[in-house]
Amino acid sequence: MKIYMSGSIYGGTEKIDTYKKLIEALKNYGEILDDQIADENTIAKEVFQNDEDIYKDLEAKLKIADVIFAEVSIPSLGVGYELGFADKLGKRIIAIYDETYTPKVSTMIRGNKRIKLIPYNDIAEIIDNLDEIITIYKK
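With my numbering applied, the sequence shown covers -5 to 133.
Please keep in mind that the hints were generated in silico from the structure rather than gathered at the bench.
One should not assume that every hint holds.
To be verified - With a straight-line cut-off of 25 Å between C-alpha atoms, the simulated DMTMM-like cross-links for lysine to aspartate or glutamate are:
#1 K15 <-> E46
#2 K85 <-> D45
#3 K110 <-> E93
#4 K(-4) <-> D60
#5 K98 <-> E126
#6 K50 <-> D60
#7 K85 <-> E46
#8 K(-4) <-> D28
#9 K(-4) <-> E126
#10 K98 <-> D116
#11 K82 <-> D116
#12 K55 <-> D116
#13 K14 <-> D51
#14 K14 <-> D122
#15 K82 <-> D45
#16 K107 <-> E93
#17 K21 <-> E119
#18 K14 <-> D116
#19 K(-4) <-> D45
#20 K55 <-> E93
#21 K98 <-> D81
#22 K21 <-> E126
#23 K15 <-> D122
#24 K14 <-> D33
#25 K50 <-> E126
#26 K14 <-> E93
#27 K15 <-> D28
#28 K(-4) <-> E119
#29 K82 <-> E119
#30 K14 <-> E119
#31 K21 <-> D81
#32 K82 <-> D29
#33 K50 <-> E93
Only a predicted model underlies this, so the values are computations on that prediction, with no experimental measurement involved.
Make the full structure from the sequences, and use the hints.
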């Protein structure tokens, strides 16, 4: 399985440790296409790439992904765009959020029944239940 992991970078990196834990756990289920969201130096590395190349790279990864796994606790224009793009491609989307950090996520995510939205209080709740999450939310 090819897994596209989405999470805020420019909107804020307060959840980067959560991304790291989740990516490590998701590696047991397939290939992570974009683990750079868990790299504190991602923004600095982008200096060496132009925006169009980054966009094309992420677009290509979204197109080949079997599932999009998004951490949406931190509002992010990029994550929202990725989810909309993936939705239009008919991709399976699982979005998780820390309800102790963000009690309510965007209506555009909550209202889209094609996005499986799962709240958590501790990322261990998600990691400990990945077998069930991955299985239940298969198309």
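> Any of the earlier hints contradicted here, and which numbers?
Replying inline: 1, 11, 12, 20, 25, 29 and 33
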